[in-house]
Amino acid sequence: MNSKTIKVDMLARVEGEGALYVRLKGDQVADVKFKIFEPPRFFEALLRGRSFADAPDITARICGICPVAYQMSAVHAMEDAFGVQIDPQIRALRRLLYCGEWIESHTLHVFMLHAPDFLGYADVVQMAKDHPVVVKRALELKKVGNAVITLLGGRAIHPVNVRVGGFYKVPSKRELAPLAEQLKWARDAALETVRWTAGLPFPDFEQDYEFVALQHPKEYPFNEGRLVSNKGLNIAVREYDETFVEEHIPYTNALHSRLKARGAYFVGPLARYSLNFDRLSPLAQEAARAAGLGTICQNPFESIIVRSIEILYACDEALHLIDAYEMPERPAAEIPPCAATGYACTEAPRGMLYHRYQLDETGQILDAKIVPPTSQNQKIIEDDLRRFIPQVLQLPEEQLTWRCEQTIRNYDPCISCATHFLKLHITRE
Amino acid sequence: MAQPHKPKLAVWKFASCDGCQLSLLDCEDELLEIAGRVEIASFPEASRTRVSGPYDLSLVEGSITTPHDAGRIQEVRRASRFLVTIGACATSGGIQALRNFKDVREFTSIVYATPSYIETLATSTPIADHVRVDFELRGCPINKEQLVEVISAFLHGRKPNTPPHSVCIECKLRSTVCVMVAHGTPCLGPVTHAGCGAICPAYHRGCYGCFGPKETPNTASLSRRWDELGASGQTLLRVYRSFNAQAEAFREESNVYEQ
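Chains as they are written, first to last, in my numbering: chain A, 1 to 429; chain B, 1 to 259.
The set of hints was computed from the structure by calculation and includes no laboratory data.
We put the beta carbon where it would ideally sit given N, CA and C, even for glycine.
Careful: at least some of the hints might be erroneous.
Claimed, not checked - Some chain A residues close to chain B (C-beta under 8 Å, calculated; not the full set):
no.	residue
1	Glu15
2	Cys63
3	Lys142
Here chain A stands alone, though its shape is the one from the complex (with noise of 0.2 Å):
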């Protein structure tokens, strides 16, 4: 029987560092290896002896993509840890932070690392030379998500202005009214964007996933919810301890998730669409109508649609917040601290991102949890390549191990996010 290994040393077009090893006997996939070998950084240990109010900052530099998850799940558990309850324009405002992020995040990943994929090209640059409209529109449509953080946070990485209770400077309603010119271009450019996504050829790859997302009675989740799946999971976020395990696993330096209960989960843009659908804005849900998606979409590679239904949904979602808002009184609740443990989740845009503190009576960080979405995803991204190879496996090596590639990118992996932990223990059997 002949046997093939399939090697690909530097994934590329994600962010971080891994590999993928597939071992192949005759058309039967024998062994999957999804390696993160970006160095661990241990910001579970280094926050241990901080300040509940460096949280924010330090977190966010997990991820220079993503920073303003880490912030948002920060902030929450640390509020959640002291009941403190933040003023409603606040929220508000935090929701508006989490639009830019999902903006420019996920337009970075439809166009610059992930259509490359679906047309041919190594990257966006190459791209570009074909495609010059699509990339300078795409290019404009990132910088809108970006205005939106600078505005908020300072500047678009690693913002200067989330604080435990609020923010430090909170804009005026007359600060905000440029920013809302800027989406109304970039709600027409995100349409344009699904529509565009929506004609790239797709593999006939459904699956029946086990989707983890956050619920919100009304919203389409950003913040807060419960923890639902579509297999029956309905919990708040301080019962996650109880309900996922992280896997120590010897070929990996991220830690795998699984539900205690059934094992690989999905997190992330088709988690959340899937589950909550009805909470999209109308513009949003017909647009996926008329993308030729149903309520609930189970094939991966379509995520680039989910993703640009979601940037459109954040402009949408952007303008109306903008539109209702009033500028708070003060910037930010007063913070009491008290031994106590906090917890929470939020949407990063690669899915939900979870945080738990425990907290001593001077708001010393005792003991730091943190659980990215890639860690979560881990056990699927592996499951797929298991599932789809055998239906590439006739084609020629390099477009072989491309397809692989993409299936990862299909995820968004942010693979520095998955390697800040603590402690790692390797099994051996």
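We have chain A; now place chain B onto it with these hints.
This is chain B only, laid out in the frame that chain A set:
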């Protein structure tokens, strides 16, 4: 006639968050222009293309935290004509350098829980501790205008214009009222390298030093002022030990408050 030689650009990553190399992709207005002036020979975050070296300009992000990376940076240096480090991790060890201050036994016990783990070094160190560096660009993250300036200076064979003065000068330039003088808000601006555009004071908070120490900073004097404003020794220890904790001036000042 032969095509003029396009300089080969490579982007390398060590322990980091990817934010500094993302700054290049965040140059929405300049990206295609830059891509027209250089050959992007290796930039894994953005491209599958791998053109072999030597490279005319290498941008290096991240700090050295594993024996493997300590070897890899030597190869990068050998393959690079100009080597520029981008960001706090590459220029001062980054936030992950907080491990450098841990009690050795405590740190060992963390590592010891992972005995067969691919060896992690006990320290996180800047690139210049390992190889000769031609230019260092500060910041956590870097400022993308400064990145464009560095690439442009390289293309024109001149020295990059990135002023070494303090954040205070930038505050004056943007007419921000001093948060420390006017509101008594502790601020690291007087000892911190310029480059961010003095964002934090414009957002009503004190500078937290993400660009690291400026040239000849008087940290002791600033610490006295913080003390007068009511900051505890613990607070001072923590403010100097953040994203540039391993930078000499911040490291030494933080050690004063070590109990």
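Outcome of the hint check:
1. Using the Cβ-Cβ criterion of 8 Å, the hint placing Glu15 of chain A at the interface with chain B is satisfied: the shortest such distance is roughly 5 Å.
2. For Cys63 of chain A, the suggested interface contact is upheld, since its CB lies about 5 Å from the closest CB of chain B, less than 8 Å.
3. Checking Lys142 of chain A against chain B: minimum C-beta separation of about 6 Å stays under 8 Å; hint holds.
Comparing the model with each numbered hint stated earlier shows that all of them hold.
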